[in-house]
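Novice: Letter by letter, the chains look like this.
Protein chains: 2
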Amino acid sequence: MAIRFAQRMDVVKASTIREILKLAASPDIISFGGGMPAPELFPIQEMKEVSLKVLDEDGQKALQYAPTDGFLPLREKIVKRLNRVGIKGISAGNILLTSGSQQGLDFSGKIFLDPGDAVVLEKPSYLGAINAFKAYECKFIDIPMDDEGMIMEELEAVLKNNENVKFIYVIPDFQNPTGKTWSVERRKQLVHMACKYDTIIVEDNPYYELRYEGEIPPAIKAFDTEGRVVFLGTFSKTLSPGLRMGWICASEEILNKYNLIKQGSDLQVNSMTQREINTYLEMYNLDERIEMLKGVYKKRRDLMVEEMKKNFPPEVKIYVPQGGLFVWLEFPENVNTLDLFKKALEKNVAFVPGDPFYPNEGGQNTCRLSFSSMTEDKIVEGIGRLAAAIKEM
Amino acid sequence: MAIRFAQRMDVVKASTIREILKLAASPDIISFGGGMPAPELFPIQEMKEVSLKVLDEDGQKALQYAPTDGFLPLREKIVKRLNRVGIKGISAGNILLTSGSQQGLDFSGKIFLDPGDAVVLEKPSYLGAINAFKAYECKFIDIPMDDEGMIMEELEAVLKNNENVKFIYVIPDFQNPTGKTWSVERRKQLVHMACKYDTIIVEDNPYYELRYEGEIPPAIKAFDTEGRVVFLGTFSKTLSPGLRMGWICASEEILNKYNLIKQGSDLQVNSMTQREINTYLEMYNLDERIEMLKGVYKKRRDLMVEEMKKNFPPEVKIYVPQGGLFVWLEFPENVNTLDLFKKALEKNVAFVPGDPFYPNEGGQNTCRLSFSSMTEDKIVEGIGRLAAAIKEM
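Protein sequence lines, in the order shown, are assigned to chains R and V.
Residue 20 is where the first sequence starts when you use the working numbering, and the numbers rise one by one after that.
Residue 20 is where the second sequence starts when you use the working numbering, and the numbers rise one by one after that.
Everything labelled a hint here was simulated from the structure, so no lab data went into it.
A hint or two may mislead.
Given that identical chains are not distinguished, each listed pair holds provided it fits within a single copy or across any two copies.
Said to hold, decoys possible - Keeping only pairs whose Cα atoms sit at most 27 angstroms apart, straight-line, the calculated DSSO-like set for lysine-lysine is:
| # | residue 1 | residue 2 |
| --- | --- | --- |
| 1 | Lys397 | Lys80 |
| 2 | Lys41 | Lys96 |
| 3 | Lys318 | Lys80 |
| 4 | Lys80 | Lys317 |
| 5 | Lys328 | Lys361 |
| 6 | Lys41 | Lys80 |
| 7 | Lys362 | Lys336 |
| 8 | Lys366 | Lys80 |
| 9 | Lys313 | Lys397 |
| 10 | Lys179 | Lys215 |
| 11 | Lys336 | Lys397 |
| 12 | Lys80 | Lys313 |
| 13 | Lys80 | Lys67 |
| 14 | Lys32 | Lys153 |
| 15 | Lys328 | Lys366 |
| 16 | Lys41 | Lys276 |
| 17 | Lys67 | Lys96 |
| 18 | Lys361 | Lys41 |
Construct all of the structure, not just a fragment, from the sequences and the given hints.
Specialist: This is how it looks when you write it as structure tokens:
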């Protein structure tokens, strides 16, 4: 019996990261693989208080079906947080709650992409987004980056010659996987390009609040005068990824489509979790929590980079991010990081080879390491093991 | 600026039920619209105990990312519950947790349907499923039913002549919207047909545990010898719909595809909720809870039917279900229930007109009423108001 699946299933593949996480599940392994928040910093006591309060005060509503767009007081609080990165003139009517920002990525594909359409994205880009879009049978056009973001001349050449570019997908702050951040000027230019060539921008911004130096720049959506930018946000990195709570901010016309898709996909996000997060934001100070996280993560980043500089050969180029969760490495062209990964696993240390972040080709000599979820002694030990693996190559 | 959405967005429409629920949100309105569980019966106290226990004992894991397939102990418990309806030879490896069974419907479309493919389904069928499948640009072939399920001769005629039928979608117990239940014999025949014509069955079974008389029959999947049946289940009707927890049970080959799609769609369901429901099942007796629910719902069903018989003209055909949440009405051909709906709203009572449950045509003289979420005095009052509206037509 040969089951006849849809054509899209020919291209949908398992996430390399999730597969690697499985390999790296042994407690002996020091894993710099997944972009996981530090579990010892989760607000467990606060969540207990919050759960009790929600069930005591609104238990019936917290356990019942609820409207698709999400709990109004939470959406209003999200609006205020977005105002702080320059996204003005929006209301709760511009916000839809989603099951993490991953669901916002999937919905973006579902709403905009017909088979054969193109997505323009950074080279390299986030693997989870590539996989989500791929299910809609699109092609990818990846644009090289410098230290300020996509190179605009390259982008313009692509937009000029491709009528079926449905959107430009970017992660402007501490990009996954490279850790790079777009300059303000380049953000403005990107919006200008989208207007000039009549396309949409999907701005995926899960990390901007985790900035370890300098000022948070305005979001790309802050420069959106024509309602062309869809902003995806999340509580995964600031509060908890297990709660699966993200949001989409878009113009009413566009958000209405996301809302229709949310209805058909899973009706709504968890009613109890919506209220728990809302109550958390009322009872506690998320900004103070973020300050605490930044203190810990900054130390881990600094230590990881320091250990790399001390132990790696000088040919390994280290990209130091201003925030977020990832350090990006570039090896000489002849090094294949998939081989290095296998050798590293033998030494009980894991990372993510760069290749899957390139939807077309390239990146065999790159890799991504997350510093967020490993304690300082494990960072020292793990980078030491990795240095030994590199030496053996 | 004209935004270029994907072609599927031309056919994706708002759910009539969700739109009606918005109209019926006023507290003066007695709504028999949505299939909502009775909120006064939710296990609020138990959920408080369960949340505390999960956060105390496994807080770090409950708030962290987790594997896509779901928490193993919960999947093992689901296996045991499915064994009781005759689904044998399965393990936790055959279960994937989803965001309600609505997500299982969406994924079924995503995995099996290319544009132009056909879904065979009951006439009428569940609106939420029709909307979910529609996003994959399929066509619908609806098969008439008698009191035992789909009429097999009609089904066979369709399967014989349509090579692009990717799956047959059925709700065998207390079907939404008609409340009808498939006989055991017809279940066997359906599996036989799927084998003979090499297709898949998607068995959507959210209500079977809410049976008010007689024995629970084996699931259709109980007769599945070739791994052709995908079973969708949920805790929405027995525990809480706000928690958004459903599951898919399928052969490993098929489930692997659902798993890939789950990864790209939203990574996983809420880690905390998975553990809360697992702990609920360990600390409390879900079967006792279901007995309690059945007692209340049976009374409400009986009362609603009694009031209908007393107050409605004899031309209105009443379908009395053996379980579930819905009573189905058939009016004489010349009655349009959308007109009746408008008149009923003026009298502050709401229901769902039947028309949207027919993906092709028909049903203008039918409607669905839910008896689960309204107290007995409201049922009496609401059916009285509806009888008055009918009289005026």
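Novice: Measure nothing new, just compare the shortest in-copy and cross-copy C-alpha distances for Lys328 and Lys361 to 27 angstroms and report within, between, both or neither.
Specialist: within (22 angstroms within a copy, 73 angstroms between copies)
Novice: Checking Lys397 and Lys80: alpha-carbon separation at most 27 angstroms within a copy, between copies, both or neither?
Specialist: Result: close only across copies, 19 angstroms inter versus 44 angstroms intra.
Novice: Reference check for the pair Lys67 and Lys96, CA-CA at most 27 angstroms: within, between, both, or neither?
Specialist: This pair counts as both: shortest intra-copy Cα distance 21 angstroms, inter-copy 25 angstroms.
Novice: Go through the copies and call it for Lys318 and Lys80: within, between, both or neither, with a Cα cutoff of 27 angstroms.
Specialist: between (42 angstroms within a copy, 24 angstroms between copies)
Novice: Could you place Lys41 and Lys80 in one of the four classes (within, between, both, neither) given a Cα distance threshold of 27 angstroms?
Specialist: between (37 angstroms within a copy, 16 angstroms between copies)
Novice: Checking an output row: Lys32 and Lys153, CA cutoff 27 angstroms. Within, between, both or neither?
Specialist: Both. Shortest intra-copy (9 angstroms) and inter-copy (24 angstroms) distances satisfy the 27 angstroms Cα cut-off.
Novice: Using 27 angstroms as the alpha-carbon threshold, which applies to Lys179 and Lys215: within, between, both, or neither?
Specialist: For Lys179 and Lys215, only the intra-copy Cα distance (10 angstroms) is at most 27 angstroms; the inter-copy one is 53 angstroms.
Novice: When no copy is specified for Lys80 and Lys313, does a C-alpha distance of 27 angstroms or less occur within a copy, between copies, both, or neither?
Specialist: between (35 angstroms within a copy, 21 angstroms between copies)
Novice: How do Lys80 and Lys317 come out at 27 angstroms by Cα distance, when the copy is not named: within, between, both, or neither?
Specialist: Between copies only: 23 angstroms across, 40 angstroms inside.
Novice: Could you figure out if Lys80 and Lys67 sit no more than 27 angstroms apart (CA to CA) within one copy, between two copies, both or neither?
Specialist: Both, since 18 angstroms and 14 angstroms are each at most 27 angstroms.
Novice: Within a copy, between copies, both or neither: where do Lys361 and Lys41 come within 27 angstroms Cα-Cα?
Specialist: For Lys361 and Lys41, the Cα distance is within 27 angstroms only inside one copy (14 angstroms; across copies 56 angstroms).
Novice: Check Lys366 against Lys80 for me: Cα-Cα at most 27 angstroms, and say if that holds within a copy, between copies, both or neither.
Specialist: The answer is between: 26 angstroms across copies meets 27 angstroms, while 51 angstroms in one copy does not.
The structure agrees with every numbered hint stated previously.
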